[in-house]
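Now that you have both chains on their own, put them together as the hints suggest.
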Amino acid sequence: MTVTSEIPARPGPSVRELPSGAVEMACFDDHGVFSVTHLPAGTPHGGVVVTSPILAEQQKNYRREVLVARALADAGVLVRRFHYPGTGNSAGDEPSSMSKLVEAATEAVEAVTARVPRVALLGTRFGSLVAAAAAARITGAPLALWDPVADGARFFKEVFRAARMTAVARGAEEVPDRDHILDVLRREGRFDVLGFVVTRDLYDDTAGLRLPDLLGPGARPVLICQLGGSGPSRATNDLVADLEELGVDVTVGVVGEAESWWATAGGGDYFRGEEGRPLTGELIRCTTSWFDSVWGTP
Amino acid sequence: MTVATHHPMWIPAGDEELMAILTRPADPRGTVVTLFPPGGYVFSSQRNRFGVRLAERLAGRGYHVVRFDWHGIGDSTGTVDDFAHDRPFTTDAAAVVERLEAEGLTRHILVGHCFGSRTLLAYADRVTDLRGVALLSPPTRDLARGEGTARKMAYEVSTARYLGMGLRTLRWEALKTPEGRRRYRRLAKHLITVKTAALRRDPTADVRPPWVSRLFLDHLGGVLDRGIPVLMMFGVDDGEKAEFDQARTGTLGELLARAGDLVTVSMHEGRIHGLGSVSVQEGVIAEIEGWVGRIGEDTT
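Residue numbers (this note's numbering), protein chains in the order written: chain A, 8 to 305; chain B, 15 to 314.
Only chain B is shown next, with the shape it has when bound in the complex (with noise of 0.2 Å):
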């Protein structure tokens, strides 16, 4: 039997066209899936198809589902530097979603997994007729990919710590590559930066690391403002949960107690953040089918 058919699209996104793929379900019930993808290399079908088998088993319940490759990624045309969640991929996300309104699929479900959850949240304030979010484990902070571990880590750890953990991890070949020599100078920096202020005893120092995004804050909020269902996924082993542990405990925690049951956070057994094992990967689909199943009642 015939669930659902696979449609490959290229929308014009700026100046760049995105590679799409839309799954059209045999029954369908009128609200498309948009998923939102990870920053890096990976392309829409994600790791071990991921993508594919979420697509085929929602369009087993009606809907329809699109995924896309950001651009510069993937089969999309453009280039792409980095995935700085404080400049999330809204044109992109524009234009997935108005060419599938102009297609006539206006009812909306956005699903985004790390940098793609920050992009579908700081764009859902312009998707009108918006039913859910899901956020696979979404960060918290602002930094760019792998700014995080060199900024914590300068802050909570001694100085003669901190080299002798740099030392040991070295590996000297590294330094022969300028990706490489770039990974120990952003180190670098960020130790120099954080004990000098320590040592001249500078109280307007900004050098913690932002516990929790004020674009995030508004961003989830205006969402949970409009009275539309969320859902938060971690990996307990993921680093994006231990930043939403301590979120939780300031602004982010008193966002979800006024929100009460519009918010559903679910851990996970190890890690979500890249997708790294298969139970995982199953346990998420599962999740998300059947949280999609429960908020798409309400949208027929």
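In isolation and in its complexed conformation, chain A is listed as follows (with noise of 0.2 Å):
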């Protein structure tokens, strides 16, 4: 094991080399954007860059995106991981539209494109939004899916749920309906959710988004990994219909559980690692084996 970092007197990427000559890359660019790059040993035969989710469930998602890159990056494929401006590590203020989130992944694009020939995304949740719009822009891209937001006003939705049921589990005296969380977002144009900003403007610009009118039409591969269930469920197969109807070869692999995305895993009570849990094994073993399947083992 190698590590050639150093505390900077400039911003600068640290550098952590593997025994396979795999590299992990991490920065922050003139913006302050954050970002991991996966570098696998020798050539890489392709490049994914990773969308994550916003709010609490970036945070819950982030180990499995860390692992699933480096499984990728095991099997030769290059990964670039960021967090989006004003989220995680980065500079910035909170999210505010989905053309800064799709400029950031865009961007991230950009930057696996110049090492290698052929690109494609990964959108985990809401960031499957920013991974079909930043896909659109790429003739052909394979694009995956994890538990995908298919549509902005059900994401929404299930977030204000979660800050209606913690004001009954707290016992507060008055819980938050839609109504009146709406009304705060325009009065004051920001809505707490757990300790987490809604923003009215990423509210307003993203609540009528669907998936399917962001990637548009074209030949690509998909895939959709459901979490839980005994077969595709309902919303799976209304958006694999939308995206056949778009010339999209969809592959739906069901996998692990429905995850409690704004509860902490297991109802609340207790940590297990990510590498322990079945849905995470399951999850990268379904992303990677499509990889395989689309562009070939090397």
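If you're looking for bench data, these hints aren't it; they were derived computationally from the structure.
Errors might be hidden in some of the hints.
To give a feel for the contact side, a few chain A residues facing chain B, derived at Cβ under 8 Å [to be verified]:
id : residue
1  : Arg23
2  : Pro26
3  : Ala29
4  : Cys34
5  : Phe35
6  : Val43
7  : Arg70
8  : Val73
9  : Gly202
Computed beta-carbon distance windows for the label pairs [claimed, not checked]:
id : chain 1 : residue 1 : chain 2 : residue 2 : range
10 : B       : Pro26     : A       : Thr258    : 33 to 43 Å
11 : A       : Glu117    : B       : Pro42     : 32 to 42 Å
12 : A       : Glu282    : B       : Glu296    : 29 to 39 Å
13 : A       : His187    : B       : Ala256    : 26 to 36 Å
14 : A       : Pro239    : B       : Gly235    : 55 to 65 Å
15 : A       : Glu282    : B       : Gly236    : 32 to 42 Å
16 : B       : Gly44     : A       : Glu117    : 52 to 62 Å
17 : B       : Gly44     : A       : Gly236    : 29 to 39 Å
18 : B       : Thr142    : A       : Lys164    : 49 to 59 Å
For every residue, glycine included, the Cβ atom is placed at its ideal position computed from N, Cα and C.
Written out as structure tokens, the structure reads:
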């Protein structure tokens, strides 16, 4: 193991070299956007940009994204993960529009295409919308989606439900209904959901978005990883139908169990490392084997 | 105006490597504040970028700030199965502090949240130039995450009520998963232990929850014996606050009384544990910033 990182006088990448020859490189760019690039040993045969969820779901899914990136790098794929401006380690104000999120994703795509000829996107939860919009600019780019948010309005419905459920669980005198939340958003420009900030600008900009509309027509392979269930759910089938109308070749993988995105794992009272969770292993296997099938094993 | 720059670092820690972010102030005063994260899957930026915001505020006062991911969490390597308060991650703590010292940052203030506060206390005696310790909702008991509720309930309520509560909250779908089954097995185990001891009237059976950890007392006492200022922060709705209040009626209270002005105990509305509201986050950041500023006057 070789560690070449030092505390630099100026912002710069920190590099971690693995015994296999693979490399992980963490850095902040000139705008303060944090990213980690996973370089496989040898010449990469493809590149994947991961677009994360936002709010609580970003924290919840984070380790899985690290693990799938490492698994893909082991399989010869270059992976770039990044934090949207104003989220995680990245500088900036809270996300206010889909275009800003997509801009950050597009910059990550450009960084990948500078190194490899073909690129794909992996969108997780809300990041699926971002991935679809970024993929729309790349003809035929494969698109993998984890528990995708296919509809912005539905996403915010779930977020606001989390706010209500928390108020109930804590015995609050007033439980905020949707109208109340929207009223606060209009008046104050932001709403606090379990310590995360939903901004009016982001809500207004994304609540009307649908994933198929963002992706647009064109042939490309798409993987949908549905969490839990004995088969594709109605929501998954609806998304598949919409995507197939666009000419997309869709594969559905049903893995593990449904995730409580706004609660701690297993009901809120204890922790279990991601590596030990069957869901995580299944998600990673589903994703890496799909990329193998799309690009072929080098 | 640029007040700080952020630098990612990989820090070797035993067999693993930790991801850390150093925030370097534009006008450094020579003291580094290390943020110890809570247990769980939360990476170092923490909820709503609490860690980032705190780092930037302290950097604005001239402090270096480092935050990091535990092994097995975030971008760090390794795996982690549990965050038990009596098995703190001192190897991680040592790796971060020693790395800072190798870079010439030898004057330290440590800030920890929940499990992080227990780890920093367990490691503090190895920090030579330690100027202050801030503890956010520090657990005063030695329990694994989630164990406390089951034990407490098994001890405090009748068998019938305990069973009734369990059945009312039982989610049948939870039993379909290994995690759910483990949770209910744990509840049943504590009930059997407590109630069996009661039926046998075994006076030696240790069924009472440990109200305060001997390790916690020793580690906190060690810091106070060195004359190091300590800030303890709780939310009035934190479970840790109730435990702290109970512990304070005994040995812990005596320890705090002896420490006098060295210890500041502050209470906030709501819950600090989990930083579950923006107003709590802002209150905590402001208090830490003010406290660090006050004790920092002696460090320059």
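The hints, checked one at a time:
no. : hint                            : verdict
1   : Arg23                           : 4 Å, holds
2   : Pro26                           : 12 Å, violated
3   : Ala29                           : 12 Å, violated
4   : Cys34                           : 6 Å, holds
5   : Phe35                           : 6 Å, holds
6   : Val43                           : 6 Å, holds
7   : Arg70                           : 6 Å, holds
8   : Val73                           : 6 Å, holds
9   : Gly202                          : 5 Å, holds
10  : B:Pro26 / A:Thr258: 33 to 43 Å  : 40 Å, holds
11  : A:Glu117 / B:Pro42: 32 to 42 Å  : 35 Å, holds
12  : A:Glu282 / B:Glu296: 29 to 39 Å : 35 Å, holds
13  : A:His187 / B:Ala256: 26 to 36 Å : 31 Å, holds
14  : A:Pro239 / B:Gly235: 55 to 65 Å : 59 Å, holds
15  : A:Glu282 / B:Gly236: 32 to 42 Å : 34 Å, holds
16  : B:Gly44 / A:Glu117: 52 to 62 Å  : 40 Å, violated
17  : B:Gly44 / A:Gly236: 29 to 39 Å  : 57 Å, violated
18  : B:Thr142 / A:Lys164: 49 to 59 Å : 54 Å, holds
The earlier numbered hints that this structure contradicts are 2, 3, 16, 17.
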